[in-house]
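Asker: Now for the letters of each chain:
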Amino acid sequence: MRPIDNTPLARNGKVLILAYDHGLEHGPVDFEAVPESADPEHVFEVAKHPAVTSLAVQKGIAEAYYPSYEDDVNLLAKLNGTSNLWMGEPDSSVNWSVEYAKEVGADAVGFTLYGGSNNEIEMTEEFREIQEQAREHDLPVVMWAYPRGQGLKNDKKTETIAYAARQALELGADVAKVKYPGSSEAMGEVAKMAGKTKVIMSGGSKRSDEQFLQEVKAAIDAGGKGLAVGRNVFQREHPERILDALEQIIFEEASVDTALAAAES
Amino acid sequence: MRPIDNTPLARNGKVLILAYDHGLEHGPVDFEAVPESADPEHVFEVAKHPAVTSLAVQKGIAEAYYPSYEDDVNLLAKLNGTSNLWMGEPDSSVNWSVEYAKEVGADAVGFTLYGGSNNEIEMTEEFREIQEQAREHDLPVVMWAYPRGQGLKNDKKTETIAYAARQALELGADVAKVKYPGSSEAMGEVAKMAGKTKVIMSGGSKRSDEQFLQEVKAAIDAGGKGLAVGRNVFQREHPERILDALEQIIFEEASVDTALAAAES
Amino acid sequence: MRPIDNTPLARNGKVLILAYDHGLEHGPVDFEAVPESADPEHVFEVAKHPAVTSLAVQKGIAEAYYPSYEDDVNLLAKLNGTSNLWMGEPDSSVNWSVEYAKEVGADAVGFTLYGGSNNEIEMTEEFREIQEQAREHDLPVVMWAYPRGQGLKNDKKTETIAYAARQALELGADVAKVKYPGSSEAMGEVAKMAGKTKVIMSGGSKRSDEQFLQEVKAAIDAGGKGLAVGRNVFQREHPERILDALEQIIFEEASVDTALAAAES
Amino acid sequence: MRPIDNTPLARNGKVLILAYDHGLEHGPVDFEAVPESADPEHVFEVAKHPAVTSLAVQKGIAEAYYPSYEDDVNLLAKLNGTSNLWMGEPDSSVNWSVEYAKEVGADAVGFTLYGGSNNEIEMTEEFREIQEQAREHDLPVVMWAYPRGQGLKNDKKTETIAYAARQALELGADVAKVKYPGSSEAMGEVAKMAGKTKVIMSGGSKRSDEQFLQEVKAAIDAGGKGLAVGRNVFQREHPERILDALEQIIFEEASVDTALAAAES
Amino acid sequence: MRPIDNTPLARNGKVLILAYDHGLEHGPVDFEAVPESADPEHVFEVAKHPAVTSLAVQKGIAEAYYPSYEDDVNLLAKLNGTSNLWMGEPDSSVNWSVEYAKEVGADAVGFTLYGGSNNEIEMTEEFREIQEQAREHDLPVVMWAYPRGQGLKNDKKTETIAYAARQALELGADVAKVKYPGSSEAMGEVAKMAGKTKVIMSGGSKRSDEQFLQEVKAAIDAGGKGLAVGRNVFQREHPERILDALEQIIFEEASVDTALAAAES
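Protein chains in written order, with the numbering used here: chain V, 9 to 273; chain C, 9 to 273; chain W, 9 to 273; chain L, 9 to 273; chain E, 9 to 273.
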């Protein structure tokens with residue numbers, strides 16, 4: 009972990025990543041609710057919102073669309089990822105080298121680690137190489153810290169999520185993206201285990217504005233340093249509204265009511 | 009994905025690849041109908057047809073025959089491929105390095121990805137290296153996007169083909185070669201998921217002129233950007249006639265009737 | 009093995025490593041007894057104690073916290089390690105390159121070898137590379153020599169621990185960290201097999217002051233050259249006290265009674 | 009495939025390889041009939057015969073004996089090979105690098121590919137590297153094209169041998185060594201599938217002079233470009249006689265009777 | 009194979025290797041009979057005997073003890089080796105790079121090959137790299153040629169040992185260390201198959217002076233070029249006596265009686 013507060017990834021010490029690798033990870037099904045969300049241009053436009061500190065995409069999307077947005081959007085190069093056409097013990101292929109990510113204009117890199125998978129050893133060693141190459145290029149490193157696999161009966165237990173956050177700190181991630189552990193108290197435990205590594209909450213599947221904002225608020229209050237969100241933004245008809253609300257909660261430390269008002273104004 | 013309209017691979021934004029790697033992939037059986045098709049010279053002569061924007065072959069064929077055709081034919085170096093002497097979970101060996109393909113005169117490179125195979129992770133990582141090396145040499149990248157393997161019950165479903173096309177976009181292919189999903193509407197879905205990556209239809213096994221041209225026409229009308237065809241050309245007695253017809257449909261946006269007339273003239 | 013008496017790792021030919029990689033290896037559970045021990049700063053402060061000749065941590069902890077302590081603490085870069093989210097045949101991923109460890113300020117490197125594991129061959133070859141790179145950078149090499157795996161029925165037998173110590177000598181470790189074999193006589197056997205490689209005792213799980221110090225004393229008397237300790241320090245309310253006592257026993261060759269008195273003063 | 013007629017491997021466009029890697033592939037048993045054949049010097053002397061365009065040996069044999077013969081014998085470096093002490097799915101280890109083969113004085117390189125083996129993918133990728141390195145050093149490439157393995161019920165069918173010959177062409181071999189498919193007609197099919205790649209017949213186990221020469225004659229008449237022979241030469245008491253006969257058939261296009269007469273003169 | 013008669017490894021064309029890697033391969037149990045044999049210094053002192061043309065040890069032993077003996081002992085760097093804590097299909101990890109062996113002062117390198125093991129392919133490829141790197145550094149190469157593994161019912165048959173010796177020649181070893189095949193006649197067969205590669209007999213487990221010397225004598229008479237011996241030297245109370253005797257038999261071609269007399273003088 010190295011400090012990232014002076015990098016484009018952070019704003020006032022907080023992070024809001026708009027994640028858009030669902031086309032690879034989940035396939036077309038994630039775009040059914042809002043068909044225009046299948047079009048990367050639509051999502052790059054959304055990412056211009058000042059609340060978004062970076063947009064996370066795979067290499068091909070970045071190559072094709074980022075040249076038109078490099079002045080307005082910070083690029084988080086998601087380096088690994090896998091389709092769910094394949095179903096085996098959790099694993100993820102490295103689809104993008106750090107060097108080429110830099111060349112395409114990346115401001116930070118992202119990597120998924122499935123702690124607890126039978127592929128944990130191999131994935132952790134891939135992370136080592138990527139993390140050290142990112143250091144050479146002064147790129148912040150975000151870990152999608154997702155325990156998953158044969159040995160794990162329950163990946164939503166607080167202690168499992170806290171372990172994942174600790175793993176992110178020990179292995180050298182600057183930011184750890186984790187599942188919300190269900191309560192502010194649990195989130196506090198998780199954040200504490202991560203030490204100086206910033207813990208951010210993963211948006212997950214779509215929920216109502218209020219429920220979603222309450223969880224984000226609870227996470228921030230407990231020491232969370234932000235959010236990585238995909239479906240809860242681009243599966244909404246008016247993504248800018250929820251971003252207005254998130255901006256209030258994450259960067260202005262506003263209440264949920266204030267945020268909801270912002271979303272409706 | 010990077011724009012390829014100014015490369016030899018495209019003509020008016022469309023692509024017609026003559027594929028000739030059947031000797032490796034299927035063996036001598038594919039040459040039985042038209043025995044002279046076993047002779048690469050025969051197929052290189054066919055590839056001189058102005059409708060063909062590139063000829064896709066394996067390394068050995070290119071080394072032996074391309075020197076006599078480099079002024080008349082654009083070379084698409086098919087970098088991986090496997091015999092069907094071997095039968096296991098879908099996989100494909102990398103038979104040609106990008107650097108040597110460039111040396112032999114390649115104008116573009118091609119790579120098969122079996123999404124859904126237990127070898128998907130490894131194949132995707134091989135694709136990463138090849139795609140990034142191709143960028144260094146300014147060579148367009150075509151993905152044979154063919155979901156196949158243990159986890160796939162049906163590789164002809166529209167959603168599976170659309171997922172493959174999306175995978176091509178996300179991983180950085182400039183062109184995605186996919187199976188025809190059976191209808192113009194389905195092809196539209198597939199093309200939409202590929203964003204700026206051009207989707208082209210795979211010719212498949214031999215069919216009547218009319219049936220084949222109708223499918224190509226439907227694919228083009230739905231947003232397809234061309235065709236990769238092998239057996240439907242070289243398993244015909246008069247390959248130039250079907251190429252005349254395809255030229256009408258793909259590059260002139262003519263009707264099937266006009267195309268059939270061109271084939272018979 | 010190369011002499012290390014003139015390196016920061018040793019003091020009067022003895023070694024006291026404060027090990028703090030439990031967050032990765034065991035997870036948050038190891039910090040429950042003394043919650044502040046989850047905070048690396050707390051442990052770095054403890055490591056300033058003059059009895060500690062180095063602090064062993066993983067890469068991410070070193071990156072985040074060592075810059076504030078490099079004048080006061082010697083850094084032992086623990087290069088491999090694995091979470092116990094995953095449960096399979098013993099293995100450990102390499103999380104840190106020697107070169108980058110040097111860059112972060114490491115004074116020595118550490119590596120776990122699970123002799124007897126089905127992964128022994130692979131781990132030993134990883135050790136080869138790391139050991140030889142450490143030689144290039146003049147960094148002492150410590151092996152966590154822990155027989156463990158399918159073929160081992162009992163990893164606490166003297167002959168197994170002695171074998172592990174010999175393996176450390178033969179493979180080129182400068183220091184071998186082994187489990188305490190239960191008696192001074194057994195420890196003498198172990199030390200003898202290690203030749204010029206210094207054998208140090210592993211602290212293990214927390215015990216009473218007296219029991220723990222008696223074992224350390226017996227190990228030192230039998231030819232042990234020190235201790236690597238984690239939980240027996242940071243799971244105590246007053247870690248500096250036990251370090252005062254250990255300093256007496258290890259570096260001053262004092263009796264257990266003298267050491268206990270030092271701990272209480 | 010690149011033209012080899014101007015290389016030492018060919019004489020008048022034909023090839024006669026004396027193969028002598030039986031000590032590795034089969035072991036001492038192959039030398040029982042003619043005990044002096046176990047001595048490489050004996051076989052190097054035989055290889056001086058003008059009919060022999062190259063001698064194929066493993067690295068150790070070349071290092072030890074070739075320095076005395078480099079003026080009189082062309083060296084074909086057989087790069088892979090495996091003992092039959094081991095019995096598993098067909099595979100072959102790479103025992104010699106192209107670079108070092110060049111240093112030892114190789115005029116060409118040879119590689120066995122077991123198409124149809126579960127190791128086909130890996131072997132084909134090893135072939136890629138070797139073939140491309142051979143190009144850098146201007147060394148002709150000979151493939152021992154031997155379908156074998158779990159998926160193959162019958163490796164002597166014409167279509168299987170023809171597939172192997174095609175594989176050699178597609179992957180970039182200059183010469184394909186195949187099993188004799190049993191008739192001149194079948195050999196014609198095989199040769200046709202190989203295009204510009206020269207197909208040569210493998211000598212196989214020892215047979216009578218007449219039977220052996222008739223098969224070689226039939227192979228040459230059908231378009232075969234020569235022979236790779238071991239046991240049918242060195243398991244004979246007077247190897248020079250059969251070489252006299254082979255010279256007639258292969259390079260002089262003589263009849264079997266003329267050749268038999270030459271052998272007896 | 010390259011000539012080694014002018015290297016430190018040979019004396020009058022013969023070789024006597026004192027092997028001392030038992031601490032890694034067998035563990036402390038091999039030192040029980042003569043406890044001081046656990047101390048490498050003891051064995052280095054023994055190795056000063058003029059009959060010993062080199063001492064074979066692993067990297068760590070060489071690093072620690074060889075600096076005091078480099079004027080008096082020739083170093084054979086045993087590059088691979090494995091503990092028997094682990095029990096699986098025979099394999100051996102590479103523990104020492106050729107380059108670093110050279111730096112430590114090696115005069116030759118040694119490598120174990122388990123022909124017939126399911127790991128034969130991988131081990132043979134490791135041998136390729138090491139053998140070629142040794143050529144660059146002008147270091148003789150000794151192969152411990154030990155058929156062993158799933159496919160081998162009997163590794164003491166003459167034909168198996170002869171096959172192993174041939175494998176050593178074909179793969180490029182300068183010296184092949186093999187098990188004694190039980191008779192002078194059998195040893196003659198083995199030596200013949202190795203061609204110019206020197207075959208030396210492996211000492212094996214401890215036997216009486218007379219029995220051991222008779223076997224060595226028979227091996228030398230049959231064309232053996234020396235001995236690699238460990239336990240039959242260091243498990244004796246007076247190792248210099250047996251070395252006096254071996255010197256007579258190996259370098260002076262004396263009778264067993266003369267040798268026994270030398271041992272007792």
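The reader is advised that the hints may include incorrect statements.
Identical copies look the same in the list; a pair holds intra-copy or inter-copy alike.
No more than 20 Å apart at the CA atoms, straight line, and that leaves these computed lysine to any residue pairs for SDA-like [to be verified]:
1. K110 x V42
2. K165 x D217
3. K200 x Q243
4. K110 x Q141
5. K164 x Y108
6. K110 x E140
Quick caveat, the hints were computed from the structure, so don't treat them as lab data.
Asker: When no copy is specified for K110 and Q141, does a C-alpha distance of 20 Å or less occur within a copy, between copies, both, or neither?
Answerer: both (10 Å within a copy, 15 Å between copies)
Asker: For K165 and D217, with the copy left unspecified, which applies at a CA distance of at most 20 Å: within, between, both, or neither?
Answerer: neither (25 Å within a copy, 35 Å between copies)
Asker: Evaluate K164 and Y108 at a C-alpha cut-off of 20 Å and name the case that applies: within, between, both or neither.
Answerer: neither (35 Å within a copy, 34 Å between copies)
Asker: Regarding K110 and V42, is the shortest C-alpha distance of 20 Å or less found within a copy, between copies, in both, or in neither?
Answerer: neither (31 Å within a copy, 43 Å between copies)
Asker: Can you give me the call for K200 and Q243, within, between, both or neither, at a CA distance of at most 20 Å?
Answerer: Close across copies (17 Å), not inside one copy (32 Å); limit 20 Å.
Asker: Taking 20 Å as the upper bound on the Cα-Cα distance, should K110 and E140 be classified as within, between, both, or neither?
Answerer: Answer is both: 14 Å inside a copy and 12 Å across each meet the 20 Å cutoff.
In summary, the numbered hints that this structure violates are 1, 2 and 5.
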